[in-house]
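*Asks:* Each chain, letter by letter, is given below.
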Amino acid sequence: MAIVAQHTKFSKIAWPVLAWVVALIFFFPIAYMVLTSFKTDADAVKPEFLFSFTPTLENYANMTDNYDYWRFARNSVITSVFATIFTLVVAIPCSYAMAFNPSRGTKDILMWMLSTKMLPAAAVLYPMIFMTKAAGLYDTHFLIVMVLSLINLPIAIWMLFTYFKDIPKDIIEAGQMDGLNTWGEVREILIPLAWGGIASTALLVFIFCWNEAYWTVRLTTTEAATLSKLIEGNRAPEGLFFGRLSAVSTAAVGPIVVLGWFCQKQLVQGLTFGAVK
Amino acid sequence: MANRTIPRLLQTPAVLLLLFWMLVPLSMTLFFSFIRYVLNSLRRPEWTTPSIENWRGFGNYQFVWNQDSFWLAIQNSLLIVCSILFLTVSLGVLIAVLINRTFPGRGIVRVLLISPFFVMPAVNAVLWINMILDPVLGLQGIAVNGINDFIDGMRTAPVLGGFFSLWPEFEPISFRATQTSAYAVIMMVTWQWTPFAVLIFMTSLQSEDQQQKEAAILDGAGAWNQFRFLTLPHLARPIAIVVMIQAIFHLSLYAEIEIVSRGNGNKNLPYYIGELVNNNIGAASATGIFAVILANIVAIFLLRMIGKTLME
Numbered sequence: 001m002a003i004v005a006q007h008t009k010f011s012k013i014a015w016p017v018l019a020w021v022v023a024l025i026f027f028f029p030i031a032y033m034v035l036t037s038f039k040t041d042a043d044a045v046k047p048e049f050l051f052s053f054t055p056t057l058e059n060y061a062n063m064t065d066n067y068d069y070w071r072f073a074r075n076s077v078i079t080s081v082f083a084t085i086f087t088l089v090v091a092i093p094c095s096y097a098m099a100f101n102p103s104r105g106t107k108d109i110l111m112w113m114l115s116t117k118m119l120p121a122a123a124v125l126y127p128m129i130f131m132t133k134a135a136g137l138y139d140t141h142f143l144i145v146m147v148l149s150l151i152n153l154p155i156a157i158w159m160l161f162t163y164f165k166d167i168p169k170d171i172i173e174a175g176q177m178d179g180l181n182t183w184g185e186v187r188e189i190l191i192p193l194a195w196g197g198i199a200s201t202a203l204l205v206f207i208f209c210w211n212e213a214y215w216t217v218r219l220t221t222t223e224a225a226t227l228s229k230l231i232e233g234n235r236a237p238e239g240l241f242f243g244r245l246s247a248v249s250t251a252a253v254g255p256i257v258v259l260g261w262f263c264q265k266q267l268v269q270g271l272t273f274g275a276v277k
Numbered sequence: 001m002a003n004r005t006i007p008r009l010l011q012t013p014a015v016l017l018l019l020f021w022m023l024v025p026l027s028m029t030l031f032f033s034f035i036r037y038v039l040n041s042l043r044r045p046e047w048t049t050p051s052i053e054n055w056r057g058f059g060n061y062q063f064v065w066n067q068d069s070f071w072l073a074i075q076n077s078l079l080i081v082c083s084i085l086f087l088t089v090s091l092g093v094l095i096a097v098l099i100n101r102t103f104p105g106r107g108i109v110r111v112l113l114i115s116p117f118f119v120m121p122a123v124n125a126v127l128w129i130n131m132i133l134d135p136v137l138g139l140q141g142i143a144v145n146g147i148n149d150f151i152d153g154m155r156t157a158p159v160l161g162g163f164f165s166l167w168p169e170f171e172p173i174s175f176r177a178t179q180t181s182a183y184a185v186i187m188m189v190t191w192q193w194t195p196f197a198v199l200i201f202m203t204s205l206q207s208e209d210q211q212q213k214e215a216a217i218l219d220g221a222g223a224w225n226q227f228r229f230l231t232l233p234h235l236a237r238p239i240a241i242v243v244m245i246q247a248i249f250h251l252s253l254y255a256e257i258e259i260v261s262r263g264n265g266n267k268n269l270p271y272y273i274g275e276l277v278n279n280n281i282g283a284a285s286a287t288g289i290f291a292v293i294l295a296n297i298v299a300i301f302l303l304r305m306i307g308k309t310l311m312e
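Residue numbers (this note's numbering), protein chains in the order written: chain V, 1 to 277; chain Y, 1 to 312.
If you're looking for bench data, these hints aren't it; they were derived computationally from the structure. Since this is a predicted model, take the numbers as computed values, not measurements. We put the beta carbon where it would ideally sit given N, CA and C, even for glycine. Worth double-checking, as some hints may not be accurate.
Derived, one-sided and incomplete: chain Y residues facing chain V with beta-carbon distance under 7 Å [claimed, not checked]: (1) 13; (2) 118; (3) 120; (4) 123; (5) 199; (6) 203; (7) 204; (8) 270; (9) 292; (10) 303; (11) 307.
Produce the complete structure using the sequences and hints provided.
*Replies:* Here it is in structure tokens:
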């Protein structure tokens, strides 16, 4: 872990200090946003109140009046939760079959699934608008849930596949000896053993759904509009509303940033498709 | 395991869903790209419904190919993607090496560093363009004002006054203009994705061969040589993966462009398509096919690399 380098006194102090400075610089914009969210709109643009000011909670109290925050938040929660559940329901059986009964085609299917992720969304924008409007699905929760599931399905399958692959096959075979059917294997062996992997896949898919900003912006107007759409709609407050905008932004990203802290490791596996360990 | 039906059955829903997702919209795009199809046309109302009778062959492709704005969008896409890649990878390697050691508060440093990655792109863009980069009310404006005030104050100072009176008045930069907004986008995306690179490089550094390193130290290799000849080669593969994953993500960058440069000329390919979709569907579809080709060039390399490690 640690570099076994020649530890001089200087390097023992200087490098950690530098590391802290870099980390604080990267965190600064978030900290500044949180800080500003406790200022009134008038104070937020005054340089003299940059770091010392009288904190107020009014921006958070007025989120509903100012932005109708909770309606967008509700949509974000509904679409992300259901998309995560649906993704897992489809992905778990698929990865299970691929990990424990691989056929010659499995590798190709996995690669093909990944390649769907590389299709630029903009290329199919109009057909999606066209189809969903024709089917009466435009701006519905159902549509957003489906789209979010589809774009995250390859990542979920890949992550689960890499977890399931590490479970010894003997255990499954022992289960079959004991007369377990497929559903029994999944319930009695796979889910208990791969619980951690499934949970972190769910967490990561949820984060991606929450932060998605292409389809949720382009395929909604009001009914199913998520927090991305809300923020995007307030792109240029002209300095008048920094306080309230910060509050609503903090509320939109806060829970996810905290969730993200818990799945750093899984992120590596999920985003590199198991290629970096 | 003689029975292959159940495994196949289990894979079917996922395969069918993705097959639908991949084939249906894309074939429609392909079809629309070969016909004349606009949403509003008083002169030629027959063009407003998609029909094989309005066949245009490669006309849409030719039309798009000859548009200056298409090439500007490609150029901008490449500028943005390449700059972000260069910055995130170099910063990522440096920071990963920096924190790959034990020191007090390492866990907190990691948490602070990774946080930007989880900020939703829309918030990222709104936060940066307004509160940080705004030339008047953002931190940039405040900082530039502060520097100017400081210089002004120093001009009358006894000994140093002469030196400071040589300094010009600084002008804050507006990042909402066509010429500058690409740089704003590069900044904010670099801020968001450097943590991703750091995380991956750090994961990879932890599997670095320590014995080899100790041997190198015994042989008298300096810190630079260790980095150059051991760490960097070890990171070659993760770097390649970070580059390609990011290339795919950033080629379809949208929210940041939409928020920073709506109304100015700084468009990338997805944004350009989004504008064409307001009326000229034929041209939008042809541009979409160009975007698919561009993404595929990147994707082929990535799939090859990942395919190698699969099933290990």
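*Asks:* Given residue 13/Y as an interface hint, is the shortest Cβ-Cβ distance to chain V below 7 Å?
*Replies:* holds, 5 Å
*Asks:* Holds or violated: is the Cβ of residue 199/Y closer than 7 Å to a Cβ in chain V?
*Replies:* Status holds, d = 6 Å.
*Asks:* Once the shortest beta carbon distance from residue 203/Y to chain V is found, is it less than 7 Å?
*Replies:* Nearest chain V Cβ about 5 Å off; hint holds.
*Asks:* Can we keep the residue 292/Y interface hint, with Cβ of chain V closer than 7 Å?
*Replies:* With a minimum Cβ separation of about 5 Å from chain V (threshold 7 Å), the hint on residue 292/Y holds.
*Asks:* Hey, does the residue 123/Y contact hint survive, CB to chain V under 7 Å?
*Replies:* Holds - the Cβ of residue 123/Y comes within 7 Å of chain V, reaching about 5 Å at its closest.
*Asks:* Against chain V, is residue 270/Y within 7 Å by beta-carbon distance?
*Replies:* Status holds, d = 4 Å.
*Asks:* The hint names residue 307/Y as touching chain V; please verify it with the least Cβ-Cβ distance against 7 Å.
*Replies:* holds, 6 Å
*Asks:* May I ask you to test the interface hint for residue 303/Y with respect to chain V, counting a Cβ-Cβ separation under 7 Å as satisfied?
*Replies:* Holds, because the Cβ-Cβ distance from residue 303/Y to chain V comes to roughly 6 Å (cut-off 7 Å).
*Asks:* Quick check on residue 204/Y please, does its C-beta sit within 7 Å of some C-beta on chain V?
*Replies:* holds, 6 Å
*Asks:* Does the interface hint hold: is residue 120/Y within less than 7 Å of chain V, judged Cβ to Cβ?
*Replies:* Nearest chain V Cβ about 4 Å off; hint holds.
*Asks:* Mind checking the CB of residue 118/Y against every CB in chain V and telling me if the closest is under 7 Å?
*Replies:* Nearest chain V Cβ about 3 Å off; hint holds.
Every hint from the earlier list agrees with this structure, and none is contradicted.
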